[in-house]
Each structure stands twice: as structure tokens, then as C-alpha cells.
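As you go down the protein sequences, you meet chains W and Z in turn.
Here the first sequence is numbered in my numbering, starting from 1 and rising by one per residue.
Here the second sequence is numbered in my numbering, starting from 1001 and rising by one per residue.
Do not rely on the hints blindly, as some may be mistaken.
[Said to hold, decoys possible] According to the in silico footprint, chain Z covers these stretches of chain W (three or more CB under 8 Å from chain Z):
1) 39-52
2) 71-79
3) 106-119
Rather than coming from a laboratory, the hints here were simulated on the basis of the structure.
Predicted model, so just to flag it, every value in this text is computed and none were measured.
C-beta: ideal position from N, C-alpha, C; glycine also.
Next come the chains, spelled out residue by residue.
There are 2 protein chains.
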Amino acid sequence: VDEPDLSTLYRNYLDCLNRRNWSSLGQFVDDDVIHNGRPFGLSGYRNMLEQDVRDIPDLRFDIELLVNEPPVVASRLRFNCSPKGTFLGLHIDGKRIDFTENVFYAFRDGKIVQVWSVIDKSAIEAQI
Amino acid sequence: VDEPDLSTLYRNYLDCLNRRNWSSLGQFVDDDVIHNGRPFGLSGYRNMLEQDVRDIPDLRFDIELLVNEPPVVASRLRFNCSPKGTFLGLHIDGKRIDFTENVFYAFRDGKIVQVWSVIDKSAIEAQI
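Modelling step: build the complete structure from the supplied sequences, incorporating the hints.
Dropping the structure here:
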């Protein structure tokens, strides 16, 4: 089988997010994607990301650790950003915060089909 | 190089925790282990785990997802347990809760040298 390299695919996916290139999201994300158990599908997933960027205009996805064992990629992402209002129920109000997300992605046919994400809310609480 | 299989090592490490076999912890955890940036060392790491088990007597580590790309293992753990008092600053008071932890482990010479853990606090808040 000619497997695509998931690390490269994943980095291209994050580039797509960092460029806000929503029209290309379907190259990386499956039509039936599930996020934390919620069957969002591509359109719901795109809505989530677009809302994230409205709430956090300077949102940028940076990889701190990447572990690739096909068909699953695990990534530790680091964020340094300024949510405008509330985030995870916390009143941030434009303060710059630094936090991480540990997240797993299952791929099928070169696209993300399932995501299991945990954001370090305790770290954010310690900064506000 | 005769690399040990990190998946097997990691499963044996969790067995060690689930058996509360603290005297064997040093078989799996390096003397200079770092946990979420804190240079605990083996004794500090053991103290952390022993405190966790005092706070949560029915604590059990179960793997939901395991991704192994040496020298790093990423694991999604699922917990179903009843913390006696407060946990992550939340008043649980013996209520049974279900939550996950997404965690990365760097190994060196067959032992855990660094851990990057994020617990899904939002999921717990939704249950209390």
C-alpha cells in the first residue's frame, strides 16, 4: 500500500489552519469527521474552527511534539494567543495566555476522521 | 541497537501503577524524570502517584489509545473513579466521574524520562 506520510499531511493541515484557508480544509478533514465524540462532519468542523478564530484572532497552531504511528498521529500543540472574551468558560478578555493541547488524530485515506483533544485548562486558570 | 518495545514497557508501567507496586517504579521511571516541566526525580514522581492514590483510592489507569514512535509514546487514558475530596481544585467529594488524560512519555534506555500530561478538566466540570 502506498501510504501517505501522516506527519507531512498533518503539518500541511496545520498550515491550512494557520492560513485560515477554510476552502482547502476538505483536503485534510473527512466529510464524516468526529471531534471529541461529536459527529460534526466537515461543515461542523469548519464552523468550530471559524468560531475559534473569531474568538481568538491571533490563534496559531504550533507543534511541540509529534508522534506518528499510522493510522494515528498524536500532537502536543502550544498556543500563545489572546482570546477576546471567554474561552473554555474563563474570562480572558484579551489577555495573552500560553497553553498546550494534547490531541490525537485518526486518519483514513489521508484524511482526519476522528479527533480526541484535551486542552490544558488548569494552565490557563493559573494565568488569569 | 536492541530497542525494547515501548508499548510493552508502557503497559507494564501501568500495571505497576494499578498494582500500587511502588517499589518497582524505578524499573520504569528514570531517576531524573521530569513531569510537566517539574524536575521531580523518581522520589518526587512516586510521591505524586502515592498522593494521587490517597486522593483517589479506586484510581485505575486504562489505555484508550496508544501511539508509539520511539523514543516517545502517546497515550489516551480513561479514568472512571471517585476522588474523595477535591481534584484539580474541583469539589468531587466521592462522586464517580469519568474523564480522560492525553499524555506523552519520552523514554531513554527503557525508562520514562519526561512526561507531558493534560487532564480533561472541562469534562469533569460538566459532571459535577
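Comparing the hints with the structure gives:
1. 39-52: violated (count 0)
2. 71-79: holds (count 4)
3. 106-119: holds (count 4)
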